[in-house]
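J.: If you're matching positions, the sequence shown starts at 410 in our numbering and goes up one per residue.
Everything labelled a hint here was simulated from the structure, so no lab data went into it. Among the clues, some could well be false.
Unchecked claim - Derived pair list, reagent style SDA-like, types lysine to any residue, alpha-carbon separation capped at 25 Å: (1) K539 <-> T618; (2) K539 <-> A560; (3) K539 <-> L519; (4) K539 <-> A484; (5) K539 <-> T604; (6) K539 <-> A589; (7) K539 <-> D499; (8) K539 <-> D614; (9) K539 <-> L494; (10) K539 <-> L502; (11) K539 <-> H605.
Said to hold, decoys possible - Have a look at the derived ranges for each label pair, beta carbon to beta carbon: (12) R448 <-> A484: 19 to 27 Å; (13) A445 <-> G612: 24 to 32 Å; (14) E576 <-> H520: 15 to 23 Å; (15) A441 <-> Q606: 32 to 40 Å; (16) Q606 <-> F458: 18 to 26 Å; (17) A627 <-> Q453: 27 to 35 Å; (18) D449 <-> T422: 41 to 49 Å; (19) N630 <-> A462: 36 to 44 Å; (20) D449 <-> R637: 21 to 29 Å; (21) I511 <-> V531: 20 to 28 Å.
Here a beta-carbon is modelled for each residue, glycine too, at the ideal position from N, C-alpha and C.
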Amino acid sequence: MSEFARPASHAPTVTVDAVLFDLDGTLVDTTAAFEAGWRDVAHQLGMPFEAFAPHIHGLPSEQVLARSAPQVIGAEREQLVEQVLTRQADPQLPVSAMPGAIDALRRIPLHQWAIVTSGSRVLASASITKAGLPRPAVVVTIDDVRAGKPAPDPFLAAAEALGFAAERCLVVEDAPAGIAAGRAAGARVLALTTTHQAAQLGGADWRVTDLRSVQMLATSNGIEVTLRTPVL
C-alpha cells in the first residue's frame, strides 16, 4: 500500500481496496452501554469501576476481566462475560452513530468495507440497528475468530471475507488493541481520538479527531481516502 500522497489541496490521500472499521468508539457511541455492563460487574465483585475503565474499549470482554480482575477465572469469568454482553445489548441503553460515520459509510460500496469488533455478534447487530448504520456484507465479531484483538485474526478474517489482501486495506480504529491488531495484520491504520488521547494511539500511521476529518470516495481504482487537516 502506498503512503498517503499530498495533492495540490495538501490533504493526505491514499487509495485502498477496502476499509475495515472497528465498531464501538469508531462508528458508534456505546459508552453508556459499555459502562453499564462493567459497572454492574464491578459492583458485583466489590471493585471500583476505575479498575475496569482503562480496558473496556477495544478488548474482548474476557480480556477485560483478565486484566482488571485476574482473580476471576473459569466458570465465574464465563458467566460474567455473558452477563456483560447481555447488559450491553439491552435495547433500553442508548447507542448513536459517531460523528461523520454514516456519511463515510454511505460513500463506500457495501462489498468494500467491513465491521470488525471485539463484541459479540448479538451486541454488534444491536448496535448497528440502534445507530442506524448501513449493514455491510461482512461483520467479524469475537464469535468468529479464535483470537481477538490485539491479535490480527479479526482483521485478517475480514479482509479474506471481502476478497482483498489485508495489506491493501485501511483499518480505522479508536483503541490501542485494535491498532496493534491492524498493524499485525499488515494493514495501514488510521486512528480516531474518540476514546483515547492521541499520545495513546502512537502505533497508528495517522490520527484524526473523528470521521468528519475523513473523506471517502469510491473510484474505479478503489476507495480514495483523504484526510482533511489537521492530522494529529
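J.: Each of the hints needs a verdict: does it hold here or not?
T.: Structure-based check of all given hints:
| no. | hint | result |
| --- | --- | --- |
| 1 | K539 <-> T618 | holds, 23 Å |
| 2 | K539 <-> A560 | violated, 28 Å |
| 3 | K539 <-> L519 | holds, 19 Å |
| 4 | K539 <-> A484 | violated, 31 Å |
| 5 | K539 <-> T604 | holds, 20 Å |
| 6 | K539 <-> A589 | violated, 28 Å |
| 7 | K539 <-> D499 | holds, 11 Å |
| 8 | K539 <-> D614 | violated, 31 Å |
| 9 | K539 <-> L494 | holds, 16 Å |
| 10 | K539 <-> L502 | holds, 9 Å |
| 11 | K539 <-> H605 | holds, 23 Å |
| 12 | R448 <-> A484: 19 to 27 Å | holds, 22 Å |
| 13 | A445 <-> G612: 24 to 32 Å | holds, 29 Å |
| 14 | E576 <-> H520: 15 to 23 Å | holds, 18 Å |
| 15 | A441 <-> Q606: 32 to 40 Å | violated, 21 Å |
| 16 | Q606 <-> F458: 18 to 26 Å | holds, 20 Å |
| 17 | A627 <-> Q453: 27 to 35 Å | violated, 47 Å |
| 18 | D449 <-> T422: 41 to 49 Å | holds, 45 Å |
| 19 | N630 <-> A462: 36 to 44 Å | holds, 42 Å |
| 20 | D449 <-> R637: 21 to 29 Å | violated, 39 Å |
| 21 | I511 <-> V531: 20 to 28 Å | holds, 22 Å |
The earlier numbered hints that this structure contradicts are 2, 4, 6, 8, 15, 17, 20.
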